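Undergrad: Residues per chain are reported as follows:
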Amino acid sequence: MSNAPVTARPIEELESVVIRFVGDSGDGMQLTGTEFSKAVAKAGHGFVTHPDYPSEIRAPTGTLYGVSGYQIQYSSGQVFTSGDAPDVLVAMNPAALKTNLPDVKRGGILIVNSSAFTPGNLEKAKYESNPLTDGSLQGYRLYPIDISTLTAGALQDSGLGKKEVGMCKNYFSLGLMMCLYNRPVDKEIGDIEKKFAKKPQIAAANIAAFRAGYAYAEATEMFAVSYQMRESAVKPGKYRSISGNTATALGFVAASELSGVPLFIGSYPITPATEILQELSGLKHYNVTSFQAEDEIAGICSTIGAAYGGSLGLTTTSGPGMALKTEAMGLATILEIPMVIVDVQRAGPCTGIPTKTEQSDLLQAVYGRNGECPIPVIAANSPADCFDATLEACRIAVKYMTPVILLTEGGIGQATEPWLIPDVASLPKMEVKYRTDPKDFKPYARDENLARAWVRPGTPGMEHRIGGLEKDALTGNISSEPLNHQLMCETRAAKVAGIAKDFPPLKVEGPAQGELLMIGWGSTYGSLASAWQKANAAGKSVAFVHLRHLNPLPSDLGDIIGRYKKILVPETNLGQLSRLLRERYLRDVIQLNKVQGKPLRVTEIYDRILELC
Amino acid sequence: MMNMTAETTIQNLTKKDFESGLDVRWCPGCGDYAVLSQITKLMPKLGIPRENYAFVSGIGCSSRFPYYVNTYGLHTIHGRAPAIASGLKLARPELSVWVVTGDGDALAIGGNHFIHAIRRNMGLKIILLNNRIYGLTKGQYSPTSEMGKKTKTTPLGNIDRPFSPVALALGAGATFVARAIDGDQAMMATILERAAKHEGTAFVEVLQNCVVFNDGAFDRLSDKATRDDTRLVLEHGKPLIFGKERNKGIRLNGMDTEVVTIGENGVTTADILVHNENAAHSGLAFSLGQFEAPDFPMPFGVFRSVDKPSYQSLSLQLTESARAARGRGDLGKLLNSGETWTIK
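So the protein sequences, as listed, match chains C and U. Counting from 1, position 440 in the first sequence corresponds to residue 440 in the working numbering; the numbering is continuous, with no gaps. Counting from 1, position 308 in the second sequence corresponds to residue 308 in the working numbering; the numbering is continuous, with no gaps.
It should be emphasised that the hints constitute simulated quantities derived from the structure, not laboratory data. Among the hints, a few may not be true.
Claimed, not checked - Think about it this way: if two alpha-carbon atoms lie no more than 25 Å apart in a straight line, the pair counts; the simulated DSS-like pairs of lysine-lysine are:
#1 C/K495 with C/K105
#2 C/K540 with C/K501
#3 U/K150 with C/K38
#4 U/K15 with U/K45
#5 U/K333 with C/K187
#6 U/K344 with C/K42
#7 C/K433 with C/K534
#8 C/K235 with U/K224
#9 C/K284 with U/K308
#10 C/K195 with U/K333
#11 C/K98 with C/K565
#12 U/K15 with C/K442
#13 C/K98 with C/K42
#14 C/K126 with C/K598
#15 C/K187 with C/K199
#16 C/K198 with C/K235
#17 U/K333 with C/K284
#18 U/K344 with C/K187
#19 U/K333 with C/K429
#20 C/K42 with U/K333
#21 C/K565 with C/K534
#22 U/K333 with C/K194
#23 U/K16 with C/K238
#24 U/K15 with U/K41
#25 C/K194 with C/K124
#26 C/K439 with U/K333
#27 C/K126 with C/K105
#28 U/K344 with C/K235
#29 U/K138 with C/K238
#30 C/K42 with C/K162
#31 C/K38 with C/K162
#32 C/K38 with U/K308
#33 C/K534 with C/K507
#34 C/K105 with C/K162
#35 C/K442 with U/K16
#36 U/K138 with U/K150
#37 C/K38 with C/K199
#38 U/K244 with U/K224
#39 C/K195 with C/K162
#40 U/K16 with C/K439
The structure presented is a predicted model; accordingly, all values stated were derived computationally and were not measured.
All chains, full assembly: derive it from the sequences and hints.
TA: And the structure:
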């Protein structure tokens with residue numbers, strides 16, 4: 001490929017590296033990032049990705065708000081987050097450089113498409129002078145590369161027009177990065193051929209651009225150092241790369257297959273949850289019925305109808321849609337039928353910032369309904385964990401005959417990480433029995449878990465009528481009798497509270513008692529675990545517990561909290577879990593809150609730990 | 001054995017078997033009683049096992065309906081019955097799923113679900129009890145209340161233009177649309193039976209008298225003395241003729257419909273439009289759906305009945321073809337799909 005002597009490029013060994021690709025939303029940065037992470041995955045590294053893109057499909061080119069990015073952290077060992085500060089920023093235009101530079105590590109590498117630094121683009125990015133030449137980037141290792149011109153040069157015989165050639169430049173940068181990080185090229189070339197099989201001319205052009213980028217990095221002396229990841233130390237087994245939303249979809253199919261209960265999904269498309277509906281719509285050869293409803297309300301209502309009919313019900317949404325589903329959640333609660341509401345949270349309130357992540361629907365999930373309306377709430381803590389969290393949500397729903405809210409987040413729904421594929425035989429069994437015996441049947445008679453029976457319409461001799469009006473504690477007939485209502489409210493509350501008896505003991509990392517306990521939930525797991533590891537390595541007395549169940553809270557949490565002097569609760573909201581903990585345990589907690597549509601950084605948590613112990 | 005039991009159950013059923021025995025809590029004289037009576041009378045005739053009926057309703061006087069029928073019943077939330085029933089029908093296509101709703105429930109708070117259930121041709125029987133008033137909240141105007149009507153929220157008269165439920169359903173692409181009235185049980189029975197046998201969405205509007213808040217709203221359509229002149233009974237393949245003397249008819253004038261008198265101005269029976277339930281387009285039915293007193297007679301009967309594949313049958317076909325093409329899904333294969341790699 002190149003005659004440059006390879007030995008001329010010293011290779012540096014790395015523990016982990018964070019790379020961020022940024023450009024216009026039409027520049028193909030999501031593709032570049034995905035392809036790079038695939039190469040990393042195949043090498044057996046641990047990784048976590050974080051796609052970060054604007055709400056606009058194609059914002060005007062060159063603008064600050066049209067910047068789209070894709071970040072990956074990979075490592076020889078386990079990776080918990082997509083990384084705090086990029087070691088390397090690949091920026092395709094001035095706007096991308098401007099919006100992302102503040103995040104880059106001091107002394108980090110900037111690979112910049114210098115051909116895009118035209119006066120017009122500089123103005124759009126609100127640069128008064130060209131940062132590539134005005135000395136403002138002195139603190140970084142800057143590599144301005146004329147990517148557009150180099151790509152065009154490589155493709156001069158391709159027969160493609162100017163526009164198509166322009167679209168190949170993301171493959172040039174991918175080739176460059178693959179070389180810089182010593183990734184093999186053959187597999188990627190095969191992938192490009194496959195991806196563009198129907199457009200051989202485009203495939204050839206992209207391959208040429210990719211090779212040109214690789215060759216450029218290999219030949220030029222611009223990169224004094226190349227990087228090599230240490231031998232991988234990830235757990236052995238068969239892996240695939242999975243996003244949180246795909247893992248959620250697969251979790252529901254698994255729950256359906258394990259229980260033998262058909263799955264019904266009734267949903268309305270909403271960012272960042274839509275992929276679950278899309279994924280399941282393509283799996284009709286499993287026991288899956290998918291229904292794109294006319295609105296969020298119809299999404300949950302059709303699901304209630306299907307669950308009443310004997311299906312495992314699923315509706316997926318994000319914050320604003322969750323708000324619309326509120327009344328129907330009350331119906332599912334009073335009907336006591338099994339279904340799961342997945343809320344892939346995003347920055348709110350109202351429409352908020354649809355493509356940015358946040359953990360701000362927790363209180364809505366726990367409390368946001370009229371009347372005394374308890375619903376179990378659980379949360380997933382990483383993309384792959386969405387699979388396990390889904391199985392747990394389904395287990396609770398069918399065992400206790402209740403709607404369950406599963407909280408994930410845009411930051412994990414759309415991010416990817418390697419998933420150690422479970423063996424089907426190792427998955428938990430899920431036994432479901434519809435009641436078919438009409439003898440002494442009372443619709444609201446309960447078992448030892450306070451769950452009522454699941455009776456499918458179509459079962460002879462058990463015809464009965466139920467609804468959203470308060471009902472008699474046994475017959476289910478309408479009742480507004482005062483003591484019966486109190487009994488029903490208390491029974492519904494006791495049923496949900498009783499779910500905690502199934503929870504395994506909480507896993508506390510670090511000292512069993514001491515100075516500081518950090519409590520987290522959801523997507524912050526990665527940052528919290530990394531910060532805890534770092535603090536622990538630095539000899540700090542800090543413990544860490546991460547919650548799967550938010551309602552009811554685990555019964556051993558109170559004891560655990562009592563064993564530490566200070567409690568730190570980092571969240572990407574203004575203190576919602578903090579409120580729940582104070583209310584439940586009458587203990588003050590120290591909040592660490594961030595609502596910027598971005599994940600918490602490891603350093604932000606680590607610095608706070610250092611201040612506290 | 002199971003089949004025999006099922007057959008015996010079906011054969012022996014009577015109207016009484018479909019009555020839940022719960023005290024019916026509609027006001028004495030309410031038009032809803034007539035509908036309940038006709039539906040429970042019809043059910044044993046349809047050859048459907050009792051357990052395979054499901055009644056779904058929303059909120060309002062009409063929505064109490066499921067409690068009074070001895071089948072599976074779900075009394076849900078305001079306006080959402082068509083959405084809930086759609087999920088049930090889709091999950092369990094073998095069930096006969098009925099939605100009983102009202103003018104507020106279906107057309108105001110639930111308008112969106114109403115039109116989309118119809119658009120999809122979901123196999124639901126939607127019975128809309130239209131009394132042109134809010135009864136349960138005690139007398140506010142509804143989306144079908146006439147202009148100028150004085151109600152508790154329109155003390156100076158209604159300025160909110162009403163819907164014709166029939167025209168709305170037709171506009172949404174309904175494949176079966178009919179109108180009945182509580183005072184004519186024989187006609188209601190025929191219409192309900194046809195609705196029950198329709199594969200897609202069957203929509204029936206029943207004009208129903210609210211004795212407390214809108215009493216007498218349909219008197220001129222019910223009274224034997226006036227009804228021949230105020231009603232137009234639709235019969236497939238027959239001319240649109242009405243009136244005590246059977247001398248009034250509907251004629252097409254350009255793209256518009258008009259009332260003419262046979263024997264006057266040279267009008268003969270041959271000039272009168274012949275009703276066609278199965279027309280390729282619903283234009284004429286839509287026109288009939290907008291007829292209102294005093295200029296036009298109120299049409300009753302089946303406006304439109306066409307066969308189109310129902311949503312649930314298309315959904316089943318998708319499942320079958322997906323399984324034929326790819327085989328019944330295997331969980332292990334699914335979990336291991338996409339690009340995988342092994343770490344030793």
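Undergrad: Look at each hint and say if it fits the structure.
TA: Now for the hints, and whether the structure bears them out:
1. In summary, the hint linking C/K495 to C/K105 is not supported, as the alpha carbons are separated by about 50 Å, beyond the 25 Å threshold.
2. The straight-line distance between the Cα atoms of C/K540 and C/K501 is roughly 33 Å, outside the 25 Å bound, and the hint therefore fails.
3. Proximity of U/K150 to C/K38 is assessed by CA-CA distance (about 69 Å); at most 25 Å being required, the pair is judged violated.
4. For the suggested pair U/K15 and U/K45, the alpha carbons sit about 9 Å apart, so the restraint of at most 25 Å is met.
5. Taking the CA atoms of U/K333 and C/K187, the gap is about 23 Å. The hint holds against a cut of 25 Å.
6. For a cut-off of 25 Å, the pair hint linking U/K344 to C/K42 stands: about 12 Å separates their Cα positions.
7. Between the alpha carbons of C/K433 and C/K534 the distance comes to roughly 48 Å, so the proposed pair goes past 25 Å and is violated.
8. The straight-line distance between the Cα atoms of C/K235 and U/K224 is roughly 85 Å, outside the 25 Å bound, and the hint therefore fails.
9. Restraint check for C/K284 and U/K308: the C-alpha separation of about 23 Å stays at or below 25 Å, so the hint holds.
10. Restraint check for C/K195 and U/K333: satisfied, since their Cα atoms lie roughly 22 Å apart, inside the 25 Å limit.
11. A threshold of 25 Å between alpha carbons decides the hint, and for C/K98 with C/K565 the separation of about 43 Å lies outside it, so the pair is violated.
12. Note on U/K15 and C/K442: the hinted pairing holds, with a Cα-Cα distance of about 24 Å set against a maximum of 25 Å.
13. About 33 Å separates the Cα atoms of C/K98 and C/K42, which puts this hinted pair outside 25 Å; it is violated.
14. Proximity of C/K126 to C/K598 is assessed by CA-CA distance (about 23 Å); at most 25 Å being required, the pair is judged to hold.
15. Proximity of C/K187 to C/K199 is assessed by CA-CA distance (about 19 Å); at most 25 Å being required, the pair is judged to hold.
16. Between C/K198 and C/K235 the CA atoms are separated by roughly 38 Å; this puts the pair beyond 25 Å, and the hint is violated.
17. The straight-line distance between the Cα atoms of U/K333 and C/K284 is roughly 14 Å, inside the 25 Å bound, and the hint therefore holds.
18. Between the alpha carbons of U/K344 and C/K187 the distance comes to roughly 20 Å, so the proposed pair stays at or under 25 Å and holds.
19. In summary, the hint linking U/K333 to C/K429 is supported, as the alpha carbons are separated by about 18 Å, within the 25 Å threshold.
20. Among the hinted pairs, C/K42 with U/K333 is consistent with the structure: their alpha-carbon atoms are about 20 Å apart, no more than 25 Å.
21. For the given pair, C/K565 sits about 20 Å from C/K534 by alpha-carbon distance, which is consistent with the 25 Å threshold.
22. A C-alpha spacing of about 22 Å is found between U/K333 and C/K194, which places the hinted pair at or below 25 Å, so the restraint holds.
23. For the suggested pair U/K16 and C/K238, the alpha carbons sit about 63 Å apart, so the restraint of at most 25 Å is broken.
24. Distance check on the hinted pair: U/K15 and U/K41 sit about 5 Å apart at the alpha-carbon level, within 25 Å; holds.
25. Using a Cα cut-off of 25 Å, the hinted pair C/K194 and C/K124 is violated, with the two alpha carbons roughly 37 Å apart.
26. The hinted pair formed by C/K439 and U/K333 fails the criterion: a straight-line CA distance of about 42 Å is larger than 25 Å.
27. Restraint check for C/K126 and C/K105: satisfied, since their Cα atoms lie roughly 22 Å apart, inside the 25 Å limit.
28. About 8 Å separates the Cα atoms of U/K344 and C/K235, which keeps this hinted pair within 25 Å; it holds.
29. Between U/K138 and C/K238, the direct Cα distance comes to roughly 66 Å. Violation of the 25 Å bound is thereby established for this hinted pair.
30. Our distance criterion of 25 Å between C-alpha atoms is broken by C/K42 and C/K162, whose separation comes to about 34 Å.
31. Taking the CA atoms of C/K38 and C/K162, the gap is near 29 Å; set against the 25 Å cutoff, the hint is violated.
32. For a cut-off of 25 Å, the pair hint linking C/K38 to U/K308 is broken: about 47 Å separates their Cα positions.
33. Between the alpha carbons of C/K534 and C/K507 the distance comes to roughly 18 Å, so the proposed pair stays at or under 25 Å and holds.
34. For the hint pairing C/K105 with C/K162, the CA-to-CA distance comes to about 35 Å; that exceeds 25 Å, so the pair is violated.
35. Taking the CA atoms of C/K442 and U/K16, the gap is about 22 Å. The hint holds against a cut of 25 Å.
36. Note on U/K138 and U/K150: the hinted pairing holds, with a Cα-Cα distance of about 13 Å set against a maximum of 25 Å.
37. Restraint check for C/K38 and C/K199: the C-alpha separation of about 22 Å stays at or below 25 Å, so the hint holds.
38. Distance check on the hinted pair: U/K244 and U/K224 sit about 10 Å apart at the alpha-carbon level, within 25 Å; holds.
39. Among the hinted pairs, C/K195 with C/K162 is consistent with the structure: their alpha-carbon atoms are about 21 Å apart, no more than 25 Å.
40. Our distance criterion of 25 Å between C-alpha atoms is met by U/K16 and C/K439, whose separation comes to about 22 Å.
When each numbered hint is compared with the structure, violations occur for hints 1, 2, 3, 7, 8, 11, 13, 16, 23, 25, 26, 29, 30, 31, 32, 34.
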